[in-house]
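Go ahead and model the full structure; you've got the sequences and the hints to work with.
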Amino acid sequence: MAERVVAALQRRPRREREEEVLVWPDLVFVEFISAVLFTVSLVVLSVFINAPLLNRADPDTTPNPSKAPWYFLNLQELLLHMEPAWAGVIVPTILLIVLAAVPYWDRSNEQQGVWFGTANSVRLTIWGMGVGLFGTIWLIIYDGQKHVEWTENIIRGLGLNRDFTWPGGLDWARDLRSLDTRINWDDLSFTIGDFKMFQDWRAIPLGIPGTTEDPWLLNLNFPSFLSQQLIPVATMIGLPVLLYLFTRHKLGWIYSRRDTAILIFSGFIATYIVLTAVGQFFRGEAQELRAPWDIVVVEE
Amino acid sequence: MATAERPPARGFNEQLYDLFFNNYIWKSIFRSGYPNTPRNQMLVVATNVFLHLHPTRIHRTHVKITHTYCLGGLTFFMFLGLTVTGVLLMFYYVPSVERAYADIQALETNVRFGSLMRNLHRWMAHAMIITVLLHMMRVFYTGAYKPPREFNWVVGVILFILTLLLSFTGYLLPWDQLAFWAITVGTTMVGSAPILGDESKFLLLGGFSVGPNALIRFYTLHVIALPLLAAIFMAVHFWRVRRDGGLARPL
Ligand code: HEM
Chain P
136 MAERVVAALQ RRPRREREEE VLVWPDLVFV EFISAVLFTV SLVVLSVFIN
186 APLLNRADPD TTPNPSKAPW YFLNLQELLL HMEPAWAGVI VPTILLIVLA
236 AVPYWDRSNE QQGVWFGTAN SVRLTIWGMG VGLFGTIWLI IYDGQKHVEW
286 TENIIRGLGL NRDFTWPGGL DWARDLRSLD TRINWDDLSF TIGDFKMFQD
336 WRAIPLGIPG TTEDPWLLNL NFPSFLSQQL IPVATMIGLP VLLYLFTRHK
386 LGWIYSRRDT AILIFSGFIA TYIVLTAVGQ FFRGEAQELR APWDIVVVEE
Chain E
63 MATAERPPAR GFNEQLYDLF FNNYIWKSIF RSGYPNTPRN QMLVVATNVF
113 LHLHPTRIHR THVKITHTYC LGGLTFFMFL GLTVTGVLLM FYYVPSVERA
163 YADIQALETN VRFGSLMRNL HRWMAHAMII TVLLHMMRVF YTGAYKPPRE
213 FNWVVGVILF ILTLLLSFTG YLLPWDQLAF WAITVGTTMV GSAPILGDES
263 KFLLLGGFSV GPNALIRFYT LHVIALPLLA AIFMAVHFWR VRRDGGLARP
313 L
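So the sequences go chain by chain: P and E. When we follow the working numbering, the leftmost residue of the first sequence carries the number 136, and every step to the right adds one. When we follow the working numbering, the leftmost residue of the second sequence carries the number 63, and every step to the right adds one.
Hints were generated in silico from the structure; no laboratory data involved. Beta carbons: idealized from backbone N, C-alpha and C, even for Gly. Please note that a few of the clues may not be correct.
[Claimed, not checked] Computed Cβ-Cβ distance ranges for the label pairs, DEER-style:
no.	chain 1	residue 1	chain 2	residue 2	range
1	P	Glu284	E	Ala297	50 to 60 Å
2	E	Ile278	P	Arg258	46 to 56 Å
3	P	Asp195	E	Arg305	21 to 31 Å
4	E	Asn275	P	Glu245	51 to 61 Å
5	P	His282	E	Pro256	52 to 62 Å
[Said to hold, decoys possible] Away from chain P, derived, C-beta distances all over 10 Å, residues of chain E:
no.	residue
6	Arg72
7	Tyr155
8	Pro157
9	Leu178
10	Phe202
11	Val216
12	Phe242
13	Gly268
14	Asn275
15	Pro289
16	Arg302
17	Leu313
[As the list claims (entries may be wrong)] Examples of chain P residues toward chain E, derived with CB under 7 Å:
no.	residue
18	Glu154
19	Val156
20	Leu157
21	Glu166
22	Phe167
23	Ala170
24	Ser176
25	Leu177
26	Ala235
27	Gln247
28	Trp250
29	Gly387
30	Ser391
This is how it looks when you write it as structure tokens:
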């Protein structure tokens, strides 16, 4: 063993040897200084800021809003926009698997060990983060009906129409759930031959029209499936794909898998931060969007 | 094993040096002399179990702070600090619904440095999550996951999950309103899994809702199972950093 290590060391080119420094003192010194710095600043922080301790746990009084620890608020935020199974379990599981798989997909070993190795990596990072940031904020605004509130306020405020309210014809565009609750799906039913299609969108009949009297019903509430599963999932997959296609073909910034990875990872990081921050700072009573200073926790 | 490089002239300083670093007891503890010559500097790293996490020499670019920002090291530092403060907290804390909250209160008011220890433990836990995320970002943007380091990236992802779980299981222990409801929200999310959701939630809580069984489960996971797992994976992580030829650099 030792001989092999020594032999390997001797085989290394001379030039490389000269590029090396001794761990003691060069590295150990840096480590020591940063350990001291962090010990001191954490102690100072802990002297001045106390860890929270509220009243004793009481299963009968629910704080509103109830929040998970901050590092899971990204998932709790997702929970407001889609089926809990997706937000709480499936999406994070898939994300972690994809994250772990990155090196098995982006396998070229070029540009390793330097910050932002590829020619376009800095702009891809900024662009990906920018799109992730504003895209996520915009989606949250939409699903919080803020665009409705703001449009009403602006039109009223400009004096164009003092009694303006969001038009009924656009009720379905108030937020995601409006697709389910504000459209009269029964009106959209139709018949094919003597087969009544989608009279009840809460159970989809399966079977070839006209062949059976009593079709097998797929117990799927289509309007809710649309707003709580299909659209959110399509958004989470579709928007990154669109971002990729646009960046590759319109902007022409992507030359390798590494570039794609940088773009998508950057978008993901920004989205992750926005979701966490919104969950932490902008969700008040009943998880409504609120300004940070308007958030109070009531116990009920 | 190692013989000291004794300075030729023996003035007062040299005699003092010998007194401290060339005596029988010192040499029985540290095989090398004081690390003031390149030879001893390498020996001290190679023969000390803790320093031995490092190679004896590394590439010049990797000691630049802007290459790693010390982030992996800082994450490990937080882990060590959490272990120390955590052990101190364990002296005072009993994981039973009757006592937990009162123990934390007592720690804050009656125990000397108790609230300092608790605060340190709490802030270091938050800091560790932040540093682990930043470490992952630095590894990503320096392309350090590329071959042959694919597997160490996967080990890293596991460490990231373990860090989150460590923090989450600790969150319940003070048994205050914050703890109770945060864990209720968190475990409800687990329960919504399409397959085995209710089962995993039950397994985690030892019941249908957060109660005494959940407290003891979270405690056990928090103080022994997860730290042990994390330590094992960290050992693999550091070992692999060295086996994969030190930190990544351009070919
Ligand atoms: C408890 C968590 C972790 C600890 C204590 C830790 C510690 C370390 C340390 C000390 C290094 C040496 C270089 C440096 O400081 O940057 C390192 C390198 C590395 N870490 Fe981590 N790490 C952790 C989590 C992660 C995560 C979450 C990832 C990625 C998903 C990761 C991937 C890597 C890789 C690929 C390297 C090699 C980097 C290179 O060759 O430049 N680690 N880690």
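For each hint, the structure was consulted:
no.	hint	verdict
1	P:Glu284 to E:Ala297: 50 to 60 Å	54 Å, holds
2	E:Ile278 to P:Arg258: 46 to 56 Å	52 Å, holds
3	P:Asp195 to E:Arg305: 21 to 31 Å	55 Å, violated
4	E:Asn275 to P:Glu245: 51 to 61 Å	53 Å, holds
5	P:His282 to E:Pro256: 52 to 62 Å	32 Å, violated
6	Arg72	25 Å, holds
7	Tyr155	13 Å, holds
8	Pro157	13 Å, holds
9	Leu178	6 Å, violated
10	Phe202	6 Å, violated
11	Val216	5 Å, violated
12	Phe242	4 Å, violated
13	Gly268	15 Å, holds
14	Asn275	14 Å, holds
15	Pro289	18 Å, holds
16	Arg302	13 Å, holds
17	Leu313	6 Å, violated
18	Glu154	5 Å, holds
19	Val156	5 Å, holds
20	Leu157	5 Å, holds
21	Glu166	6 Å, holds
22	Phe167	11 Å, violated
23	Ala170	6 Å, holds
24	Ser176	10 Å, violated
25	Leu177	6 Å, holds
26	Ala235	4 Å, holds
27	Gln247	4 Å, holds
28	Trp250	5 Å, holds
29	Gly387	21 Å, violated
30	Ser391	11 Å, violated
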